[in-house]
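S.K.: Residue-level listing of the chains:
There are 2 protein chains.
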Amino acid sequence: MQRVRIKKLFESPKEQEIFLCAWVRTNRAQAQFGFLSVNDGSIITNLQVVYDQKLENFEEISKFRTGVSVAVTGKVVLTPEAKQPLELHATKVEMLGDCPEDYPIQPKRHTREFLRDNAHLRPRTNLFNAVFRIRSVAAMAVHSYFQSNGYLYVHTPLITCADCEGSDQMFKITTLDFNNLPYDEDGKVDFSKDLFGKQAWITGSGQLQGETFAMAFGDIYTFGPTFRTENSNTQTHANEFWMIEPEMAFCDLEGLMDIEEEMLKYVIKYVIDNCPAEIDFCDQFVEKGLKTKLTDLLNAKFTRISHHDVVDILLKANQKWEFTPNYNDDIAKEHERYITEYFNGPVFITNWPKDIKAWYMKLNPDGKTVAAVDLVVPKAGELMGGSQREENLDVLLKKMDDLHIDKEGIDWYLDTRRYGGCVHSGFGMGFERLIMYLTGIENIRDVIPYPRTPKNCEY
Amino acid sequence: MQRVRIKKLFESPKEQEIFLCAWVRTNRAQAQFGFLSVNDGSIITNLQVVYDQKLENFEEISKFRTGVSVAVTGKVVLTPEAKQPLELHATKVEMLGDCPEDYPIQPKRHTREFLRDNAHLRPRTNLFNAVFRIRSVAAMAVHSYFQSNGYLYVHTPLITCADCEGSDQMFKITTLDFNNLPYDEDGKVDFSKDLFGKQAWITGSGQLQGETFAMAFGDIYTFGPTFRTENSNTQTHANEFWMIEPEMAFCDLEGLMDIEEEMLKYVIKYVIDNCPAEIDFCDQFVEKGLKTKLTDLLNAKFTRISHHDVVDILLKANQKWEFTPNYNDDIAKEHERYITEYFNGPVFITNWPKDIKAWYMKLNPDGKTVAAVDLVVPKAGELMGGSQREENLDVLLKKMDDLHIDKEGIDWYLDTRRYGGCVHSGFGMGFERLIMYLTGIENIRDVIPYPRTPKNCEY
Chain Y
1 MQRVRIKKLF ESPKEQEIFL CAWVRTNRAQ AQFGFLSVND GSIITNLQVV YDQKLENFEE
61 ISKFRTGVSV AVTGKVVLTP EAKQPLELHA TKVEMLGDCP EDYPIQPKRH TREFLRDNAH
121 LRPRTNLFNA VFRIRSVAAM AVHSYFQSNG YLYVHTPLIT CADCEGSDQM FKITTLDFNN
181 LPYDEDGKVD FSKDLFGKQA WITGSGQLQG ETFAMAFGDI YTFGPTFRTE NSNTQTHANE
241 FWMIEPEMAF CDLEGLMDIE EEMLKYVIKY VIDNCPAEID FCDQFVEKGL KTKLTDLLNA
301 KFTRISHHDV VDILLKANQK WEFTPNYNDD IAKEHERYIT EYFNGPVFIT NWPKDIKAWY
361 MKLNPDGKTV AAVDLVVPKA GELMGGSQRE ENLDVLLKKM DDLHIDKEGI DWYLDTRRYG
421 GCVHSGFGMG FERLIMYLTG IENIRDVIPY PRTPKNCEY
Chain D
1 MQRVRIKKLF ESPKEQEIFL CAWVRTNRAQ AQFGFLSVND GSIITNLQVV YDQKLENFEE
61 ISKFRTGVSV AVTGKVVLTP EAKQPLELHA TKVEMLGDCP EDYPIQPKRH TREFLRDNAH
121 LRPRTNLFNA VFRIRSVAAM AVHSYFQSNG YLYVHTPLIT CADCEGSDQM FKITTLDFNN
181 LPYDEDGKVD FSKDLFGKQA WITGSGQLQG ETFAMAFGDI YTFGPTFRTE NSNTQTHANE
241 FWMIEPEMAF CDLEGLMDIE EEMLKYVIKY VIDNCPAEID FCDQFVEKGL KTKLTDLLNA
301 KFTRISHHDV VDILLKANQK WEFTPNYNDD IAKEHERYIT EYFNGPVFIT NWPKDIKAWY
361 MKLNPDGKTV AAVDLVVPKA GELMGGSQRE ENLDVLLKKM DDLHIDKEGI DWYLDTRRYG
421 GCVHSGFGMG FERLIMYLTG IENIRDVIPY PRTPKNCEY
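Residue numbers (my numbering), protein chains in the order written: chain Y, 1 to 459; chain D, 1 to 459.
Hints in this document: simulated from the structure, not taken from any laboratory.
A few of these clues could be false.
Copies of the same chain look alike in the list, so a pair counts if it fits in one copy or across any two.
[Claimed, not checked] Cross-link-like lysine-lysine pairs, in silico, DSS-like; alpha carbons within 27 Å at most:
| hint | residue 1 | residue 2 |
| --- | --- | --- |
| 1 | Lys368 | Lys357 |
| 2 | Lys455 | Lys193 |
| 3 | Lys14 | Lys455 |
| 4 | Lys269 | Lys172 |
| 5 | Lys172 | Lys188 |
| 6 | Lys92 | Lys54 |
| 7 | Lys198 | Lys172 |
| 8 | Lys193 | Lys172 |
| 9 | Lys407 | Lys455 |
Next comes chain Y alone, as it looks inside the complex:
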């Protein structure tokens, strides 16, 4: 008999003989029969297995501990009156792998800290079963959105030798022996002896390479791991995370916002449709009202307003600010919160002061602001950041000169403006931030399988 997965049973409940493999979550043994609650990881829901004295190894089964892996043959029985629509009446239960009494994941409440210290076992809990299933399905949703809209998925390189992107925030990589480094005449480490013949880093963004592909394929996206060296121990920082960076030719700031909104709604709907049990679980145990928050966003009108006008509203607000709103400054967390409540929904904040945004962003006709946009959403703050890119080579070169950015190393990038350049735009979305939004989880360490943070690189 072919092994079935539990999700399939719940998807189309019917009486049938089946065979499955799973792990025991609990075992309630009584004198003449007993109940195993088992999970095979295909869905957060556990399946109830009923076993009785007729089984020759009844005594043995009665002693199966939490964590044991089992093979079960039996008959699916529909139970319309019960909490679950079906249960499995076992005709055979076999232990595949034992689990000792000291198994850390007992059927009780564990703290998130304890589970972080057992990151290799926490996927076996309901919470992380739900979180990592949602993460997986959300990743598929991202691919599905872009591919069905004709975007090219491009694997931009992670290793880079161009340090124009802020190498102080990048990890250095090397094949040299740290305790036997070669030095040049000036007493500096001689990277000409390294694998690439020069100093190399792992990059924090694929945007520049992404732009070169957008100039050939029109619409492209990246989706891959990203690294920052930030020595920051907060709930929202990790040194390794995943990022999505779409880039669209022939697309201006308004078009960019259309895409961001459509993509976000698509991903949320996809996850709600494909992970109903997992979303319900998070709604119940992680963030009360999660499901309403998500469906509200699906139906929300996204406000579009300039940074200037946002500061106007903030200054007029009858509110005591920790950080005084300023036309030349960034928007603080408290401001983001206020403005999403003010508009009762997601807000695109556009046209930011040029001095606080990146050099490649499109200078607006006012000469003071750039065509950048941050999307802030209720309860979570900034979810995406993007901009129209400066397609005018002269303006871009002047900006790079002003900021002392090395042009030689990225002359290839400037070719996108020399050869058939056009209006184009792109954005970046931190994937973990999206997962935190989708699950209600507040600490980034709990949405990454094996998080890397300062002083923390276990597993």
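Given the coordinates of chain Y, assemble chain D onto it according to the supplied hints.
M.R.: Same frame as chain Y, now just chain D:
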């Protein structure tokens, strides 16, 4: 009018007024009319735009050079007699971005070497338009196969501090200043001052972490970038590439082969169905017979044969070998070629000598071989490698002792055998190798957007 993409036009040819943006590939201007061949990156096929004297900027359009970006408004006219099913009769043609005469990508044949030196512009050629489109669609096919079969996509970490995996082949990463390194009392570099408080690398595999997730979710896969420090300048080696590593609980070697075969056929069919023009192009200009090769594989019976029996066949062959086949050795390229021709199709070679395979592979009852399997396919050699894993903790520990593998750093991994362990299996597939197989491209540098190889880390 909303901008349409050229692929849509070819997908459902009909007379309509449209607006599009694209890049000029060629311009054949005559006295009273002219033809622009334009491409917008949505499909390899170019669209013919007819323009004539009635346009007020006719003279200007006549001078548009290759590479210019344009916005075109006009009427789609069906041309059932012509090579292409439709053309666009322009009512308005506007230049968006000029392109100078020295544009390197002229409409003529360029060598692959020249295009590697212009990696940021090569996506604008037909060849790389096809190759990178196939790469993108194949990536989607991989996700689609695993997700539709209930697998969990897991982002295993790239940064690792466990050097059990062969740290000599891994890049070291650091945030320390190379020219001002801290040293400990013994005069060694003091990594306790580094971001993670110890020496760190970027890993070459997510398998071990993947196994921990398979023990919770049943079926999982990874798909992400991978790094090797190999100082090797061949057609098939790169220092950065992408890899897919599925891992399945309750799955033995036979089940593993079923999955490998099903997945490969699914991906190939998906690419043929979704990139017909691109596959045709590669068939015509890269590998004659490519399409037949791919459809043959779809219909092929995959042979399953042990390493021992393969060596038997090789030794009996009336053939002069460069490397003499040996029951204790690996299979050489020439042997792979012979054996796929012998069976006229793909071959799973199973049960390899334990000493030439990895420590975590399942020891067979003979005590000499492990339950490993390599899939070799006609014309491309090895495409995937996998194994059943050693689920018996005692056997595994002994193997680790014999090979002096540090157990302390990966005690978490051993927990998969302590707590509800089970028969499980997994494989790895180099994504670039798959793309080379799908396109006929012979050099790995030509299937990676920005390849990283020794002494080569541009862009």
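S.K.: Indicate, hint by hint, whether the structure satisfies it.
M.R.: Against the structure, the hints:
no.	hint	verdict
1	Lys368 / Lys357	within (11 Å within a copy, 62 Å between copies)
2	Lys455 / Lys193	between (30 Å within a copy, 10 Å between copies)
3	Lys14 / Lys455	neither (51 Å within a copy, 61 Å between copies)
4	Lys269 / Lys172	neither (40 Å within a copy, 41 Å between copies)
5	Lys172 / Lys188	both (15 Å within a copy, 19 Å between copies)
6	Lys92 / Lys54	within (10 Å within a copy, 83 Å between copies)
7	Lys198 / Lys172	both (11 Å within a copy, 15 Å between copies)
8	Lys193 / Lys172	both (15 Å within a copy, 15 Å between copies)
9	Lys407 / Lys455	between (36 Å within a copy, 21 Å between copies)
In this structure, the hints that do not hold are numbers 3 and 4, in rising order.
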